[in-house]
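Top line first, the protein sequences correspond to chains A and B. Residue 63 in this note's numbering sits at position 63 of the first sequence, and the numbers go up by one each step. Residue 108 in this note's numbering sits at position 108 of the second sequence, and the numbers go up by one each step.
Treat the hints with care, since some could be wrong.
What the hints assert, rightly or not - A few chain B residues that face chain A, going by a derived Cβ cut-off under 8 angstroms, partial list only:
| hint | residue |
| --- | --- |
| 1 | F8 |
| 2 | E31 |
| 3 | L35 |
| 4 | H39 |
| 5 | F52 |
| 6 | Y55 |
| 7 | L59 |
In case anyone wonders, no lab produced these hints; they're calculated from the structure. Glycine included, C-beta positions come from ideal geometry on N, C-alpha and C.
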Amino acid sequence: MEEEPFNASSDHGSLGQASGHYGLPSGRTQATAPQPHLSMRLSEVSWSLDQQQKLPGDGGKPISLRNEDSSKLEDLDQYTLLELKPPGGRTPGIHLEGVDSEPEIQNEHFSESLSSTWESAGFRLYLAEQQKKLPLPLKELMETEALEILTKALKSYRSKIGENHYLTKELQRSVEELQRRRRLLWRSQ
Amino acid sequence: MKVKEGSFVWYLYLDKIYCLLSVRNVKALLEYFRLLDVHHKNTLNDVLFYHFLSYVTNLKSRQIRMVFDMFDCNAVGEIGFEEFYLLVCILLSHQNHLEEQFMYCHSRHVFRLLDINGEQRIGKVNFHLYRFLFNIRNERLKEFFQDFHSSEDRRLNYNEFKIYTIFANEKSKEKQRERMKEDKRNRFRSQLKKVMCQIAVSRFLRRPFPQK
Chain A
1 MEEEPFNASS DHGSLGQASG HYGLPSGRTQ ATAPQPHLSM RLSEVSWSLD
51 QQQKLPGDGG KPISLRNEDS SKLEDLDQYT LLELKPPGGR TPGIHLEGVD
101 SEPEIQNEHF SESLSSTWES AGFRLYLAEQ QKKLPLPLKE LMETEALEIL
151 TKALKSYRSK IGENHYLTKE LQRSVEELQR RRRLLWRSQ
Chain B
1 MKVKEGSFVW YLYLDKIYCL LSVRNVKALL EYFRLLDVHH KNTLNDVLFY
51 HFLSYVTNLK SRQIRMVFDM FDCNAVGEIG FEEFYLLVCI LLSHQNHLEE
101 QFMYCHSRHV FRLLDINGEQ RIGKVNFHLY RFLFNIRNER LKEFFQDFHS
151 SEDRRLNYNE FKIYTIFANE KSKEKQRERM KEDKRNRFRS QLKKVMCQIA
201 VSRFLRRPFP QK
């Protein structure tokens, strides 16, 4: 049996945030034109269907995750969004290329199917978010334990380095924050 | 050494073959680490580390300080998440009686931890000092030195330590197999007794009453 390297990452940025390492196929996706009458939510979810082809002369420019246009997507990380995206790279029913030129009647049917699709997409987003989060009982256990440990540590800090030291104050703030969270949780229960 | 029952670390699951945590467990552990990292330096200082270990285990103060010194390889007075993760894996392997398996799978890391002087050699003293963590038995060490170890100073370099871990792991597996056989035999005996008892009772009940 080979040794496994202990490469547990402590990179805070790598968990739960948009990152370029989550499998965007060399920055190219089926980019399509957004519909102006669609809600912002719709555009948020379809961020990966970027305006690559819409922009003339870009010619296959890789999509940057830190693009200012996608600044509203900070809440949604790429992993969640990619889960919604089917393997073929096209989102079903959201083939928006050249929609601008279609007649209004087709647009109505289209928007209805889109809204139902986006409802299910929204629900899937919600599910994906919930799966990524830690379960509440576990979080509660962690916070309770951390609060006990930090309260004892605060006593040690006060006795060893004094109350006015900046480390003591930092620790005190964390303890107070945890206590506040616990109180909110108890009230909600 | 025991991990406190009902504590967060106690609930983590250590894989029995690789002696590591799954990604989900590591994610939860990272969140826990961040709660304890009140100064936002991605490290725990000695005070926080001390209170964490004294809460989660039944180690004494002297032992906790020894563990901290062992993990603080750079002597900066802080330990990062990687060392924290390694420590949690050691605690869980001790809890689940997988110390030999752990040492076999991660011999390089264990050797680096036990080699506190940085001499690339570890002796009986090192083993004895950290016996509460790795549960290295004296008899096994003696056996190993008798059978395998060639140099006179009775100190092991990394390759010899690796052989020792293979040896210790095999011995513990043998013992486990014997224990399982013994358990099976005991279970079979108790079942046999039960069946014999039932047969005797049923025969007794079928026998006609003696007439006067």
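Quick rundown of the hints versus the structure:
no., hint, in the structure
1, F8, "holds (5 angstroms)"
2, E31, "holds (6 angstroms)"
3, L35, "holds (4 angstroms)"
4, H39, "holds (6 angstroms)"
5, F52, "holds (5 angstroms)"
6, Y55, "holds (5 angstroms)"
7, L59, "violated (14 angstroms)"
Consistency with the previously given hints fails for number 7 only.
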